[in-house]
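With the hints as a guide, bring both chains together as one complex.
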Amino acid sequence: MSSLSEAAPAAGAHHPALRHHFDSLATQKESSLLGMWVFIAQEILFFGGMLTCYAVYRNVYYDAFAAGSHHLDVPLGTVNTAVLICSSLTMALGVHAAALGKRKATVLFLLLTILLGSVFLGIKVVEYADKFHHHLVPGPTYSVESLRDAKGQPLLEDSDIARHSEIFFALYFGLTGLHALHMIIGIPIIAFMAWSAWRGRFGPAYYTPVEITGLYWHFVDIVWIFLFPLLYLIPHHG
Amino acid sequence: MAEPAAHPEAHAEPHDHIVPVGTYILVFLALMVGTGGTVAASYLDLGIWNTPVAMLIAVTKASLVVFFFMHLKYSPKLYWVWVGAAIFFLAQLILGVGADLLAHLFLNLGNPGT
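Protein sequence lines, in the order shown, are assigned to chains A and B.
The opening residue of the first sequence carries number 99 in our numbering; numbering runs sequentially from there.
The opening residue of the second sequence carries number 4 in our numbering; numbering runs sequentially from there.
Hints are computed from structural coordinates only; laboratory data are not their basis.
Hints should not be assumed to be uniformly reliable.
[To be verified] If the Cβ cut is set under 7 angstroms, some of the chain B residues that face chain A in the computed set are:
1) HIS20
2) VAL36
3) VAL42
4) ASN53
5) ALA65
6) TYR82
7) ALA89
8) ILE97
9) VAL100
10) ALA102
11) LEU104
We put the CB at the ideal spot given by N, CA and C, even for glycine.
Chain B extracted, bound-state conformation (with noise of 0.2 angstroms):
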């Protein structure tokens, strides 16, 4: 698994990061634990966390998926911009929908399904 010997035009060829297959195997275990524990802490009471639990559980998954499957840890920082700003706009618009469903329900403003 040693890199090649430096050569002027070894450049040239794209050098990939080559995950182990063993990282895959693990992130794929985790994959699947997580799917259980998705499962079975639908099943407690845990309040208004429920939700909260399975989306956390959700985005660790969907993180693991993005950084090891997909590459991106491995990848260059401009990839990394692209999905964060994704992220971003997706935020705005979550936080904003989610603050003027808060107004209606909390500040008298009427039922908004009414």
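Same shape as in the complex, but just chain A (with noise of 0.2 angstroms):
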């Protein structure tokens, strides 16, 4: 009688997690894993049909996003890839620690990768703030005042230059907004998951949430690798 109750949480089949239509707990992973992998293939078309769009502006009007690209602050640009970068590594860190049943490490992984997004949005705010401030968000109110070209003379108002500059903080605030988008997302669905994880949902059989999450996390912070020199990093010359 006492090795049937031993024997039956070991094969998994009541764990309470697993849904009756799946064989094993390994099996309902596995299938939650694919259509994670699923939705990340379509958010590569999704932003790769963006960055098309963006690429093929760059080459028609370069000396335009050069001078767009200018006024963007590269030491903040490369702060916020290594903060990003710093939230990617916590990330997998505490995905790691659900993997070990570490609840505590968890929770404090996931916190950290929290205040880490949250300090990116931050840096992104002011970032953005200087842009209304400079009058470089597209719209009737959109100057060239602050922008200069590879001479470093002032762009002319009205001139082509000017006028495709506005195309280059279109793609800006387009391909930034919808990457801050995602991460606003992702916020609080990490703080649903260090809760769950604090409430003891997770262990070493079941923390298939936790590993979904760190995936849509990583693929945010993949975005943001390729946008950060395509849109910060534009030489004058070449």
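Right under this line is the structure:
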């Protein structure tokens, strides 16, 4: 009798997280992760489409894009890239802790990830505020008075390069805005995972939600890995 | 870290590949070096090679994240197929649009921007 009751949980068949239509937790996990990878495949094409649009305009209006890019704050962008990579590390360590059943470490690393993600968004707010201040937000109030060309000369209002620089900032806000939106969606999800972990919902046999959240967060990091050099680091030459 | 002894019901529990913390730290350091390298390279005059170099570093960094942080290296090949399919179709888009752009610029079909 006692051997039976001990054997049953070991089979995983009675794990509370196991849904009845799956044979085992392993099968269930593989299906869940596959679903997330399919979603990520869609996200690659979603951001890829916008980046292709960016690549075309950048090649056609190179000088205008270089002028716009040079107004962006490279030190702030670099710091933000480092902050996001740190948040990816803490997320990976959080998933690692969850896989080993370390409850407090899981919660700690997930909270650190939220903190670093918030720092990134805070720096983004500072950068956006600067663009508003300098009238670099596309629209009726757009002005090129703070932009300089490759020779350090101000851009002439109503010139081609001035009009085309507005396209750069439209794509800048579109790309970084969608990226920031992904982070704004991700942070509450990580918070929910931290809360669930704190309540002891996860263990070595079942931590799939934490791992899926990690996949999402790492993908958002990858998007920034491409956005940073493409938007901030356009050389004047070349 | 030894694998548990084979048991008839052991396969019912997921046996995840646990990546050592040291691997995560190494990947993290490589990503930081890559970030510094990207910024440094952007200040060099590499002619037409500035953007390809920046993209090569970005693709390398992204691969490190995908294979190690996202565990794709240790995951079923079915997941690789999905990532590969997305990259394949994105390549179709970029190559198709790129070919059209080059045709306009070099075959005197008119500047696509006007």
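Cross-check of the supplied hints:
At its closest, the beta carbon of HIS20/B sits 9 angstroms from a beta carbon of chain A; the interface hint therefore is violated under the 7 angstroms criterion. Hint status for VAL36/B relative to chain A: violated, with the closest Cβ pair at about 11 angstroms, above 7 angstroms. For VAL42/B, the shortest C-beta to C-beta distance to chain A is roughly 5 angstroms, which falls under 7 angstroms, so the interface hint holds. Because the closest C-beta pair between ASN53/B and chain A is about 5 angstroms apart, less than 7 angstroms, the hint holds.
Below 7 angstroms, beta-carbon pairs count as interface contacts, and ALA65/B has one with chain A at about 5 angstroms; its hint therefore holds. Given hint, TYR82/B at the interface with chain A, holds; its Cβ is 5 angstroms from that chain's nearest Cβ, closer than 7 angstroms. Against a cut-off of 7 angstroms between C-beta atoms, the interface hint on ALA89/B holds, since the closest Cβ of chain A lies about 4 angstroms away. Interface restraint check for ILE97/B: the shortest CB-CB distance to chain A comes to about 5 angstroms, inside 7 angstroms, so the restraint holds.
With a least beta-carbon distance of about 6 angstroms to chain A, the hint placing VAL100/B at the interface is held under the 7 angstroms criterion. Given hint, ALA102/B at the interface with chain A, is violated; its Cβ is 12 angstroms from that chain's nearest Cβ, farther than 7 angstroms. Here the hint on LEU104/B is kept, as its CB sits about 6 angstroms from the closest CB of chain A, short of 7 angstroms.
Figure legend: structure checked against the earlier numbered hints; hints not met, in rising order: 1, 2 and 10.
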